Structure formats: C-alpha cells, structure tokens
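Asks: Below, each chain spelled out in residue letters.
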Amino acid sequence: MNRIKQMINTREAKKLWRNKLALVALAIIMLYLLAALFVMAGGISRVTCDTVIGPNKMPGFYRQDTPEKRYENSTKKFLTKVKRALAAEDVEGALSEVSLGPFTVVNKSPAELEMLVAEVDALAGELNESPNLDIDPSLLPKIADLEAAEAQLKAPLTAWQQFVYDVSILLGTDAQGRSIFLRGIYSIKIAIQIGLVTAIFAVSLGAFLGAAAGYFGGWVDHVVVWIYTTFSSIPNLVLLVVLAYAFTNSAAKDTLLPVYIAFGATFWIGTCRVIRGETLKLKEMEYVHAAQTAGFGPVHILLRYILPNTAHLMLINFSLLLIAAIKSEVILSYLGFGVKNQPSWGIMIRDAGNNGDVVGGFFWEIGFATALMFVLVLAFNILSDALQDAFDPKHV
Amino acid sequence: MWAFIIRKLVYNIPVYLAIIFLLMVLLRQRDPVTGKLGKNATQEDYISKRKEFGLDQPIYLQYGVLLKSIFTFDFSQESWNEPGVTVGEKLRTAVPRSLALTVPALGITTVISIFVAMLSAFYRGRWIDRLLVFCAVLGMSVSFLVYIIFGQYFGAYKLQQWLGTPVFSIHGYESGLLNWPFFMLLPVLISVIVSMGYDTRFYRAVMVEETQADYITTARAKGAPQSKVMFVHMLRNAMIPIVTRVMITLPFLVTGSILLEEFFGIPGMGYVLLSAIRNDDFPVVEGFTAVFAGLFIMSIIATDILYAVFDPRVRLQ
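Protein sequences appear in the order of chains E and C. Heads up, the first sequence is in the numbering used here, so the first residue is 1 and it goes up one at a time. Heads up, the second sequence is in the numbering used here, so the first residue is 397 and it goes up one at a time.
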C-alpha cells in the first residue's frame, strides 16, 4: 500500500495527473477495456457477429431497399427456412430449429403455419407476375402486405430482444446482412487482446534482453545486438507476412497465434535498444557500484536496481507498442494474413472495400470501424505523449 | 575511415548470413509444390517437382547454393511462378516503378515536414504549435488503409465523375515520364499525407532540442536576425538527426509501399513481393530480401560515416 502511495506521489505522476487531456484519453481507454471485457464475458459471441440479422439495410431513417430487394427478402430468407422445416420428417423439431438472427418461428401448429405460408406464397405469386417491381409504384402496397404476411410467421420478440435487435441494426448491416454495430464492438476485443498480448510479450522480452546485454556486455551484448540487427534488416512487413504465412497449413492457422508470433518476433527490437542504452548508463551509477561492492549477484542487481529504474521507459514503450500492434493488425488482417473467421477492423474495412460499399457511397461499415480505431489509437497517442512528457522529457 | 568501413562490413557478415538463413527456414515451413501441381498430380510428379526446385536437398546445401548466388551477384534463378523470367529481371522491372513512387514521396515529405517542424519549434507552446502537434497526432491515428481507400475514392473515382475526365488513374500503370502524374501523383500525395504526422513530430522534437542549445542563445545575443538563426545555425546543427532518419529510410524506398501498390495496381516491388509470398515463389522472395538486407546494412554504415562528416566531434572507431 505504501509503495502505491509512493508511486502516486512522485513528481512525474503528479505531472501526468495535471494533464487533463491525458486523463480524458485514459478514461476513453478504460471504456474500450470495459467493452472488451463485456465481449470476453460473452456479451457478443463470434456466432452473433456472423448471424445474418436481416435485410441489407442502411441505418435508421433514410433510403429503403428497392421493391425488388424487399420482395426478395420476404420470399427468400426466412420463408425458405420455414418451408424446408415444414417439408421435413420431424416437423416440430425442424421448426424449433429455424432461426434468423433473433427471429424464431411463431408458436403455432404446422397446419396453421402451412396456411400462413400459403398466404405469403399467394401474395408473392401475384407480385411475381409483374415484370419489374422497381418501376411500378402501384405495387408498393402489395409489397407491404407481403412483408406483413411474412412477419406473421415470426414469433414476436420480447421487449429485451427487440431492444437488442434495434441496437444491433443501429448502424445498418453489411453486404451479407450482418450487424455492423456488433461486429465493430466485437473487434474492440480482438484489437485490445492482440495489443495487450503482443505489447506485454514484446516489452518483457525486449527489457530482459536489453538489460542483460547492457549489463553484462561482452559476448552477451554481441549476441543480442546480432539478433536484433538480423531481425530489423528484413523488411518489417515481409517478416510479418512470412511469419504469419508460415502457419497456413498448421492447426493454429485459424487462431490468433500466428499474429502473436509475428508481432512478438518483430516488436521487441525497439524496447530492447532503448533498455540496453539505459542500462549502459545505469550500470555506471554509484548505487549500482555500491550494490556490487556489497556482494549482490548480477540477477539481484538487475531485478532490484536496474530494471525498476527503466520502468518508465517500459511504460512508454508499452503504450507505443499497443498502438503499433493495433494498427498492424488492421493492415495484416486486411491483407488476409491476420485475424481469420472472426470480425476485426481490418476485415470490416476489407469487406467494405471488396463488396463495393465504398464505391456505392455506403460508408457505414468502413466509417464505424475507422472511427472506433481512430478514437482508441488517438487516446493511446495522447497518453503516450503525456507519459513521455512526464517521465522522459528529454527524449527526441 | 577505410579501416572502419572494412571492420563494419566484416562485423555484419554474420548478421547477413543469419538474415538469409532465417528467411530460408521461415519460407520452408510451407510446402510450395502441392499448390503448383494441381489436383491430379501423382507421387512421382511431386518428387520430380521438388527435385526441380532443389527442395529435395538438405537445407545446408540449399543454403550454400543460395549464398553462392548472392555473393556472386548472380540473380539468374528463374521465378517458380513465371518460368523463363529470372529474379534479376523481376527486380530490374519492379524496382524503378517503386522508386518512382517512393523517392518523390520521401523528398516532398522531408522538405515539408522540416519546414512545418521549424515553424512549430519557433512558436513553441503557442497556439500554432499546439495546433500543428495536434494535427500530427490526429493524422497518425487514422489507419493507412483509410487514407488509401478514401484517397482513391475521392481523388480518383469521384473527381473523375465531377470533372467528366479522368484526372488520376484509379488502377493500373504505364511507364514513361509523361504518364507519371496520371498514375503516380495521387499515391505520392497519399503517402506524403500519411508520413507527415510522424516526420513532423520527430523533426519538431529535434528542433526543440536545438532551440535550447547555448549556441542559439549566443547567436541571438550577438543580434543575428531570426531567419539566420533558424536557417543557418539551427538547421545546420539539426542536420545530424535529419540525415540519420533519411538514411535509415533509404533502403525502404526499394521495398516500395505494399499497400499503395496493391490498391493502385502499380506492379512495383511491394506488389511483386506480396504476390511472390502468396504464391510461394521462394527465389523471388529470397533474392529480393537479400538485396534489401544488403542495402539496409550499407545504409547503417553510411549513416555512421555521415555522422563524422556533419559533426567533427564524432570519431570513427
């Protein structure tokens, strides 16, 4: 407890505390962390993100789907599933399994359902005869009837389900009809997870190797410098891509492991350089000499006297690496080497580009992913600057 | 100085050997043969293809063959995906295209950001400085991808719609000096905007450090005009970090920009490299990385030498 009090009472911490912008940034980061924890606790699952929740729709108030599209939505998606279930052998069982996003089949007997389906089919049949639904405005009421008839097949949502549904289509759906909002929020967890894991790993490895190289010198130093020169002489993106690609045929290919390894292998270099330089300076300090004279071993000196005095550098590097990891993840996922089988901001940006959303002037998917990432990275940037101002003001 | 250069070169040989070995081992985690043979290949086809690629030999022999070709500057190995095209030819065609994109981008970025940084350092702490720094942080927080996607959408696609004629190419490339603005100007501009934030902040930090130095106070006390203090005294002394930064960036000019080249369909080095990795074209990846790593090591040595040129206090040891 006293130690924590000591930490808060340092001049640097007070300086940080006075920086209001940095505090706002910290609060925003906390919000993101909460969102990530919410997702981790099962608030939004991977399945939810992949579930087609409805027709392709723009958010809220403007531009409805074309009549042709509305006709298709009412006759294809849910109706087909119900028809298939009605034709199955175990009708009751098949019906209970039908679901489209939050919608399930209304609790009625198969016979009644057949009648409802027939009604929808009759309406659809009428519309089917007209050559072009998009041109003839007199058909619009009929399409509304069709939609209403189809809605009767769906079990009414509870208030909570309705609320969740409304929230999830708040920002519209992507080209496959998946909720943009849910996917964006889920991606927060992916970004934070990748950022934290790689930053923790890279900072620990970099600090360990850097301190060892700086303190022991000699061949240890040569080996460490040799390793990091080697890694930094391969173009970063090539190394990332080759590392991530080396896993394509292994069992781990669909997990985040390749991304962790690729980032972990490349990101420790900067920290290692900085800590090595600082250790070279610190080991000539009088208190280190005193500890050596008192007979403490090198491990004790490193852990007790040197590494704690590089903590501020580790903190700054940690923050910088988080930013780097989040940004690189987006680019790597975009290129198809990063996150797979689950949403991430990079994948959302790629989808928006590939599905012609951007060319069609539909910016909600790319916009939401970008905005979420922008705010998080901006907050981290501001925080790193504040940390640097407070702890390492002479840094260039 | 020559002794310094030679010692540095010798010191970096193990680094170079390790780079090549690391890349070879990483690449060989994948099986390039199965994908190239197609579905109906027999076991014999597989074995003969591996033999053709030289993959049946133990790794140290493959390593030896590769090292021999690198140290004799022999890039006549054929690409696995395009039989008949050698690695050297690929490099020769792709590198100038990348340079046409990256060299102007680096030049423009460096000049503009040095000026902005000097402005910022001159008005340090005033609103103009804060505004510039904040803009730099804002610019750094947006993903590179977003700059490219929106740059392409508004700069090429929308502009073409508004004006009725294409101003910038959306996708594709033709060589030639007259074609340069049409195909390259937009990617160059995007690249400049992306790197402005990082460079401005770095150069500003350098300049701020310099403004606090004693010689600036002395120059001011002697009554030197402000412009002279800024451009003659300060800029000259800030050259060391500037040169270091530019020198370290130089090898990356050759890699091109994978993302920009991918989006704008410029078949430069980044594009070639990415497709080589995707298609398991090992000779191209290896040949290219060998060239890059060589350039990188040389640029580090050159930076050390330039230090001594710009700062007489630095001795090469």
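In case anyone wonders, no lab produced these hints; they're calculated from the structure. Bear in mind the structure is a predicted one, so any value in this text is a computation, not a measurement. A virtual CB, placed ideally from N, CA and C, is assigned to each residue, including glycine. A few of these clues could be false.
Simulated crosslink set (DSSO-like; lysine-lysine; CA at most 27 Å straight-line) [to be verified]:
| hint | chain 1 | residue 1 | chain 2 | residue 2 |
| --- | --- | --- | --- | --- |
| 1 | C | Lys432 | E | Lys253 |
| 2 | E | Lys83 | E | Lys15 |
| 3 | C | Lys435 | E | Lys340 |
| 4 | C | Lys435 | E | Lys281 |
One-sided and incomplete, this derived list gives chain E residues near chain C with beta-carbon spacing under 10 Å [said to hold, decoys possible]:
| hint | residue |
| --- | --- |
| 5 | Pro156 |
| 6 | Thr230 |
| 7 | Ser233 |
| 8 | Phe247 |
| 9 | Leu315 |
| 10 | Ile323 |
| 11 | Lys327 |
| 12 | Gly353 |
| 13 | Thr370 |
Asks: Hint check: C/Lys432 vs E/Lys253, CA-CA at most 27 Å. Holds or violated?
Replies: At roughly 21 Å apart (the allowed maximum being 27 Å), E/Lys253 and C/Lys432 satisfy the hint.
Asks: Hint E/Pro156 vs chain C: min CB-CB distance below 10 Å?
Replies: Nearest chain C Cβ about 41 Å off; hint violated.
Asks: Was the hint right that E/Ser233 lines chain C, CB cutoff 10 Å?
Replies: Holds: closest Cβ of chain C sits about 4 Å from E/Ser233, inside 10 Å.
Asks: Does the CB of E/Leu315 sit less than 10 Å away from some CB of chain C?
Replies: Violated, about 19 Å.
Asks: Less than 10 Å between beta-carbons is the criterion; does E/Thr370 satisfy it with respect to chain C?
Replies: holds (5 Å)
Asks: Is the interface hint satisfied for E/Lys327? The criterion is a beta-carbon contact with chain C at less than 10 Å.
Replies: holds (6 Å)
Asks: Taking 10 Å as the limit, does the beta-carbon of E/Gly353 come near enough to a beta-carbon in chain C?
Replies: holds (6 Å)
Asks: Check whether the Cα positions of C/Lys435 and E/Lys340 lie no farther apart than 27 Å.
Replies: holds (25 Å)
Asks: Taking only the CA atoms, is the gap from E/Lys83 to E/Lys15 under or equal to 27 Å?
Replies: Violated, because 67 Å separates the two Cα atoms, which is more than 27 Å.
Asks: Can the restraint linking C/Lys435 and E/Lys281 be considered satisfied, given a maximum Cα separation of 27 Å?
Replies: Judged against 27 Å, a Cα distance of about 61 Å means the pair is violated.
Asks: For the hint on E/Ile323, does the least C-beta distance to chain C fall short of 10 Å?
Replies: This hint holds: E/Ile323 lies near chain C, its Cβ roughly 8 Å from the closest one there, short of 10 Å.
Asks: For the hint on E/Phe247, just tell me whether its beta-carbon gets within less than 10 Å of chain C.
Replies: Since the shortest Cβ distance to chain C is 8 Å, the answer is holds.
Figure legend: structure checked against the earlier numbered hints; hints not met, in rising order: 2, 4, 5 and 9.
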